[in-house]
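The listed protein sequences derive, respectively, from chains A and B.
Last residue of the first sequence: number 1613 in this note's numbering, and the count goes up by one each step with no gaps.
Last residue of the second sequence: number 1613 in this note's numbering, and the count goes up by one each step with no gaps.
Derived by calculation from the structure, the hints in this document are not laboratory data.
Be aware that one or more of the hints could be misleading.
The list treats identical chains as one, so a pair stands whether inside a single copy or across any two.
Using 20 Å as the maximum straight-line C-alpha spacing, the simulated EDC-like pairs for lysine to aspartate or glutamate come out as follows [said to hold, decoys possible]:
hint: 1; residue 1: K1543; residue 2: D1475
hint: 2; residue 1: K1511; residue 2: D1422
hint: 3; residue 1: K1544; residue 2: E1613
hint: 4; residue 1: K1544; residue 2: D1475
hint: 5; residue 1: K1606; residue 2: E1591
hint: 6; residue 1: K1445; residue 2: D1369
hint: 7; residue 1: K1606; residue 2: E1588
hint: 8; residue 1: K1441; residue 2: D1386
hint: 9; residue 1: K1445; residue 2: E1613
hint: 10; residue 1: K1544; residue 2: E1381
hint: 11; residue 1: K1513; residue 2: E1418
hint: 12; residue 1: K1511; residue 2: E1563
hint: 13; residue 1: K1566; residue 2: D1503
hint: 14; residue 1: K1513; residue 2: D1532
Owing to the predicted nature of the structure, the values given are computational and were not obtained by experimental measurement.
Number of protein chains: 2
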Amino acid sequence: MNTVFSVVGDESYVCVCAAPSPKEIKGLKWQGSAIGTAEWGGVLLRDVLVAAGIDENDPDIQHICFEGYDEDISGSTYGASIPMYKAMDPRGDVILAYEMNGKELTRDHGYPLRVIVPGVAACRSVKWVKKIEASRHESESFWQQSDYKTFSPNVDWDNVDWSSSPAIQNMPVTSAITDPPPGSVISRDGDDDLTVKIKGYAWSGGGNGIVRVDISVDNGHTWQDATLKKVNQQPGRSWAWTLWECDVEIPKGHTGPIEIVAKATDESCNTQPERAEGIWNLRGVACNTWPKLRLIIKE
Amino acid sequence: MNTVFSVVGDESYVCVCAAPSPKEIKGLKWQGSAIGTAEWGGVLLRDVLVAAGIDENDPDIQHICFEGYDEDISGSTYGASIPMYKAMDPRGDVILAYEMNGKELTRDHGYPLRVIVPGVAACRSVKWVKKIEASRHESESFWQQSDYKTFSPNVDWDNVDWSSSPAIQNMPVTSAITDPPPGSVISRDGDDDLTVKIKGYAWSGGGNGIVRVDISVDNGHTWQDATLKKVNQQPGRSWAWTLWECDVEIPKGHTGPIEIVAKATDESCNTQPERAEGIWNLRGVACNTWPKLRLIIKE
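Produce the complete structure using the sequences and hints provided.
Here it is, written out as structure tokens:
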């Protein structure tokens, strides 16, 4: 192609998959580590579509569909789509990436070209891109039609109607406690005033920044503020995660197991649900309940 | 002005204020009725700003500030601001309205001109507009700087630092049960299979549509799907509320009080928190906990 595309760099995006669910689900057992932030370099998808003659006001184009080079064991090609308005939004920052953290993409990350759709579940950020199609309809792939969707907790494999729920795009606000490891033993060494430094990340979809992370050692009865390590991002385009840390005050005299919970709030004032029971879904996706860390406090 | 502005009609927007909080707060006691959906007619704010020579790429313009004609008892003029990117977003649908439901605005609704900022807390939809200013800074008004903000539950009037929290713009997902009235007595009339029709609304900020409303009669242990009355809205621009209803199955043999709870989920998979304890804030704003309805079931 002879068209010059603007190259997007110096941007941090998060690829986020779903989070852990405490009830039985089918599929990958996602954990808090199914997320990552990197600097992606590439061309704006919008520029590619405009250069290809796509008219953003064409009512027959509602979705941009991607196909990868990867196939599952049945020979089906991986595919996904995003709404046209996200693809064409000058502030949507959807790119076709060929660089990650300043280096050529590796094979595992989608060499030679992958889509990066910031703010959206990473299942739409198709790797090893083979084909891009402007369409009236969503991708017909299994993963768009019958996989990454949420349902009411009363829906299970015997009564699920996949067409009744929209494909997940933007993800909800979430967070994780990443340090220290679960079950760590912390010794008071005779000190009555004990604080434990805990660390983690928080993130929300749709470009919503994180405004607060609250920490509790008494299951949400009282709270302490974590300190956020804010990344400089444009308003409404908070694609990167926010790392945080907190010197958690352990109650005086407490010994034995203690459970620490966290809860993030995003710019739309959305926050994480306390229990999974109300958001359980058969695929276990978009589970953003309060993360919990169990520590052992010794004398 | 001689410029012709496009008139926005056939659109439904919600003005939403904050929701009820079960713990003591200072300020208005918002209830589930501090919300409304109407068809607003007016001119796009974006068109007015462009006609006035405002350059959306000017780094010195980050906020659009509004001032009304109304003053409080101290003589302070009501004011608020929204981010420049929302004001200029062609899909943001911010208008200067002079019509409501096809008729000239009434005085109570902001005659002759009010701002309508869809998807955003209605405190930014300034009425009786006197002045519009493009600025590097947010509105200096009390209501922007020291009022409509959320804090951690550990922040109270003795330790609040208003500058530490951003002014609320987009609101979180919420819902209400509006019918039947609380405390209604429902008679089984000897029937073992009893259903009660309940109705309500659900809404979310930022243009996020409602994908589901779940109803529970056992405090979230099991759920029933409500039927949504979807309004035709463009993707990512779901500004109107979604009305819903559900024929709730009352457990066989149950008599006496029963508590029905609802929970909405939006397109970003955000949902409502179960308890207010984790989101309590000193002004009681953005409280979007599960709505509850108590009924009395008679033999």
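A quick look at each hint next to the structure:
{"no.": "1", "hint": "K1543 - D1475", "verdict": "between (42 Å within a copy, 19 Å between copies)"}
{"no.": "2", "hint": "K1511 - D1422", "verdict": "neither (34 Å within a copy, 52 Å between copies)"}
{"no.": "3", "hint": "K1544 - E1613", "verdict": "neither (36 Å within a copy, 59 Å between copies)"}
{"no.": "4", "hint": "K1544 - D1475", "verdict": "between (41 Å within a copy, 18 Å between copies)"}
{"no.": "5", "hint": "K1606 - E1591", "verdict": "both (16 Å within a copy, 17 Å between copies)"}
{"no.": "6", "hint": "K1445 - D1369", "verdict": "within (19 Å within a copy, 37 Å between copies)"}
{"no.": "7", "hint": "K1606 - E1588", "verdict": "both (10 Å within a copy, 17 Å between copies)"}
{"no.": "8", "hint": "K1441 - D1386", "verdict": "within (14 Å within a copy, 57 Å between copies)"}
{"no.": "9", "hint": "K1445 - E1613", "verdict": "neither (61 Å within a copy, 64 Å between copies)"}
{"no.": "10", "hint": "K1544 - E1381", "verdict": "neither (35 Å within a copy, 32 Å between copies)"}
{"no.": "11", "hint": "K1513 - E1418", "verdict": "neither (31 Å within a copy, 55 Å between copies)"}
{"no.": "12", "hint": "K1511 - E1563", "verdict": "within (9 Å within a copy, 48 Å between copies)"}
{"no.": "13", "hint": "K1566 - D1503", "verdict": "within (13 Å within a copy, 58 Å between copies)"}
{"no.": "14", "hint": "K1513 - D1532", "verdict": "within (18 Å within a copy, 36 Å between copies)"}
Hints 2, 3, 9, 10, 11 from the list above are not met by this structure, while the remaining hints are.
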